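S.K.: Sequence:
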Amino acid sequence: MNDARILLVNDDVFQLSLIANFLEREGWNVVSCSQTEKALEEIEKASPPFDLIITDLHMPVIDGWRFCRLLRSEEFKQYNKTPLLVVSATFSGVDAESITRDIGANAFLPIPFKTEDLKSAVINLLEGKVHSLKKRVLVIEDSKSQRHLIRKTFEKADFIVYEASTGREGVALFQKVNPDIIILDYQLPDITGDKLISKFKKPPSLASVILITVEPSTKLAVRILRLGADAYVRKPFEPEYLVDLAYKTQRERALLRIEDLLEKRTRELRESRESFQTVADFTFNWEFWLNPDGSFAYCSPSCERITGYTKEEFLEGKVSFVDLAHPDDKKLMQSFYGNALGGGSGQELPCKIRDKEGQTHWVAITWRPIVKENGVFNGVRGSVHDITSRQKVERQQNIFRNLAYSLSNIHSLDKALSLCLRAAVKGIDVDFGALFLITDDKRVECRYQFGGPFDELQIRESFEIDPKFRKTLQETQSVLLPPFDMESSLTRPLADRGISVDAILPVKLEGKLRAFLIFGSRRSRFIGKLEVRFLEILADQISNTISRAELEQALRRSEAKFRSLFEFAGDAIFILKDEEFVECNAKASEMFGCDRKEIIGQTLLDFSPEIQPNGEKSSELIPEKISRALEGEPQFYYWQHRRPSGEVFDTEISLNRIELGDEIYLQAIIRDITERKRLEAQLQHAQKMEAIGTLAGGIAHDFNNILGGIMGYIDLLKMEMKPGSKQQKILMTIENAGKRAIELTKQLLMFSRKEGLETRCFDINGSIRNVSSLLSRTLDKRIEIVLDLDENIPGVIGDSGQLEQMIMNLCVNASDAMPQGGILRIKTGFVDLDYVNGDARIWKYLRGSDLEEKRYIVLEISDTGCGMDEETRRRIFEPFFTTKEVGKGTGLGLAMVYGIVKNHKGSIHVESKPGEGTLFTIFLPAGDEVEKEEQIHFEEPAKGTGTILVVDDEEIIRNMLTEILQKLGYKVLAAADGREGVEVFEKNHKDIDLVILDMNMPVMGGIETFQKIKEIDPDVRALLATGFSMAKNTRDILDEGFVGYITKPFTINQLSEKIHEVMDADPVCKGSAPVTAIENVIN
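Numbering (our numbering), first residue to last: 1 to 1083.
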């Protein structure tokens, strides 16, 4: 019923406005009246009638009770059924509510009330949900028929009826139901009715008692009425008469109670006025009483403390409230005066006044109207409270509130400190303020000023302050107040502008002076307790601001540091919430090959293949790992991921629970281990290679021993045969086979890395022609070998044997790629990094390599074969990697090629596409002039004399050397191992001219044997014989004291030459000097 019209009547303007505004906000149409007379006028002209009337009880002229009785009278028939809601702040409780009900109201609310209660009462009344206001009747009658008749009559009149047949039952029901009306028979079985009247009229009972009797005695009637009965009825009677009489007694009783309440309120008001003056004279506030014409009827002595005027001046009419008003609040005071003298009820009025000296004070004026017993306005009673201090506090609180709000939105220390300074100047009401920051132990700088006296001090300019003054600031626990002991550099700019220093505020952080503020005014300003407290709180605020700024700066540095660590980490880092990625770093985008926005919102499962390498499903493993990590158990595991392109790669994941704020997240650190696994595989291959190399080296060593014996005996046979004989030709064939076996052992030693580089500057073109000549006889005749050699290039610095082996391997691989024939092209060229020449492809390789030299020979070997894909091209140099069928390749050839190139400090590059052939480009360091190969002169071996000790564990070598040396004229002593050699040497060392020691022997090796015999004869000459190349260890051997070494297998000429070489180094021998010396030595 939001279209309902409500009439609201209340003489308290504030309450009237408050209730009306609430009802209008709820959507009802409200007509407000501050006087009952105005309300009756509105009722007369209202059409249609109001749907609800809300009235106050205590009002002047016509109060709420009279107003309600009028509305329920014959004169206002149209409002007899209109809902009435009574509200009252003056009368409340059961008594007022009961009286209200008696005069016809439907509901009662004591003031103050909750708006929800008012709304609920209005809605219920408008909807007809009126609480039951039925009168309760207690019938005490021993006659059942009479009792029944009375019951029926009262129930028909809408009363609630309770019955009792005896006095005892009646008293019990009375106490239980608290009836409004009691119909009491005089003659009861257990007691007479007159004896019960006092019980029923005893307060707090408000019941009307009607006594019924058959006795016609006048004396009885008088006695009953004196006992307190409200009416006396003689039997027989009409039941309806009894109901009318009940109504009449209730109304009379209500009127009497109203008069009692009004009399009570009037008496209380009179007593209040009498006690008011007694108390008011001794109150701190200024108490006053105004007559209806505005003159002062009473004024307490406190008026002089607040205004400077005496109470007599107010009582004599020399000064009024309007005269006291500050110009800013003149209209406000006039409005107050008019409202107060108009009988309105006033709330607190804060305003400014001026005292007799012209000083401004903040005061709060409160008042209440005074109404006589007849409802006539009788003036105003009020109180004036000096709230200057309260206003200061509220103003300071507002300043702090605004400052806190502003600081919460500012992250600049400069702006924050400037705001704090302005707040300080306003908070203590001074003309000037300046803030100084401590920069070090001696200097400060004026950072901010408000009011301008420090014009000559440029902002942020640093200057020194007196150590004594600084110490005073450090030791001060509160605000410094005059007089001050300050240095002139701070006081002079203020004094020159007529400003006196009112206060100095030190600001400390963790006990250390960090800043101070100076405040001044043109007229000396008194800084009281409120101002001091304000500045102390502000000092804490400034201290917190500085601390926060420093913490924020540290936090920003920390955030920048960790953001940098996060973004530039070498591993992919993800933050997960509920299994989804919510953050990732740049490495994550790079690793997964997609933008960050394509990762956020996805899960680990979205970037994983369906099945992991161990055969388990990713969808089953991931929830398990996440669950354990969330429970606080760190997870570290290997995983396969899948990029959006479909490419799968290996990773290791560290998954940990982290707390950010109040939320739980997971941090996943993912490392791509593809390269590591490849390197691990290479390491495994390298370990296999090392094992195979060790095996190959051992085989080569043993094979060299065997070949040494074979080749030695061939040389012995050659010495016995005639040149050109058939037997010599057969022996030459056997010798060539032995030389091929020697080359094979060299390759095995090279593979095992026990064959050192024998570098020299040689003609690479010549080596290519040698290899080409050999290939032309061994490769498929359908393969055409094309040589494109630059004859003007310098030589190559390297081991010609190893490089020829490298070229041979590459050419054989090329021929395998051309099973149907094709072109095998070998090309040479030259580049100098100091001069730009050659094609762009060559320079692209040079710029992307780590070559150390400046000049390089370029060797290109290409074929027109089947080519290879990118995956094969990347893995082509891996040990054991091969694309050939099982049994047709070892996977070692190109690995050896790569190793040879790297050993020569060069680089090798491959270009190939399926079906387009392959091109190998090799860069090798270039030398200067090609060294000419020394010619081998096959002369008769030189003979000599002397004693030689041969120590070798191989019997064939030991026997062969013994025969050869004896053929050459030497006396030979032989030993089967190092220990035996030492024993033989110890017995014959005076006669032994030379010791030939095998390097690798059981029991005692060659080096150890040499050390032992050297202890016997420090001047011993020893030649080391080994099946390994000693190019890398030559210096070590010579440092041990050996006069030289010879590599197995060797020829008689090589042995004879080496013996003469070491003998010639010292012509004084224990035996005879050598007969001849070979000029050219074969190394």
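Read the hints as simulated data drawn from the structure, not as lab findings.
There may be inaccurate statements among the hints.
Claimed, not checked - Derived lysine to aspartate or glutamate pairs resembling EDC-like cross-links, with alpha carbons at most 16 Å apart:
1. K718 - D702
2. K508 - E559
3. K471 - D440
4. K352 - D323
5. K827 - E853
As the list claims (entries may be wrong) - Using C-beta positions, here's what the derived DEER-type ranges look like:
6. L630 - P350: 58 to 64 Å
7. A554 - T476: 41 to 47 Å
8. Q640 - A554: 40 to 46 Å
9. D496 - A560: 26 to 32 Å
10. E74 - L18: 33 to 39 Å
11. E579 - Q640: 46 to 52 Å
12. E720 - F830: 47 to 53 Å
This structure is a prediction, so every number in the text was calculated from the model and none was measured.
Ideal Cβ positions, reconstructed from N, Cα and C, are used throughout, including at glycine.
S.K.: Taking the hints in turn, state whether each one holds.
M.R.: Hint check results:
Restraint check: the Cα-Cα separation between K718 and D702 comes to about 24 Å, which exceeds 16 Å; the hinted pair is violated. A distance of roughly 27 Å separates the Cα atoms of K508 and E559; the hinted pair therefore is violated under the 16 Å criterion. Straight-line distance between C-alpha atoms of K471 and D440 comes to about 13 Å, which keeps the hinted pair within the 16 Å bound. About 12 Å separates the Cα atoms of K352 and D323, which keeps this hinted pair within 16 Å; it holds.
Taken as a hint, the K827 and E853 pair is broken in the structure, with Cα atoms around 21 Å apart against an allowance of 16 Å. In this structure the hint that L630 and P350 lie 58 to 64 Å apart at CB holds, the actual value being about 59 Å. Checked against the hint of 41 to 47 Å, the C-beta distance between A554 and T476 comes to roughly 29 Å, which is inconsistent with it. The hinted range of 40 to 46 Å is satisfied by Q640 and A554, whose Cβ atoms lie roughly 42 Å apart.
Checked against the given bound of 26 to 32 Å, the beta carbons of D496 and A560, roughly 47 Å apart, lie outside it. Range check, E74 to L18: Cβ separation about 35 Å, and the 33 to 39 Å hint holds. Between E579 and Q640 the beta carbons are some 18 Å apart, a value that contradicts the proposed interval 46 to 52 Å. Range check, E720 to F830: about 52 Å between beta-carbon atoms, so the 47 to 53 Å window is met.
Against the hints set out earlier in the document, violations occur for numbers 1, 2, 5, 7, 9, 11.
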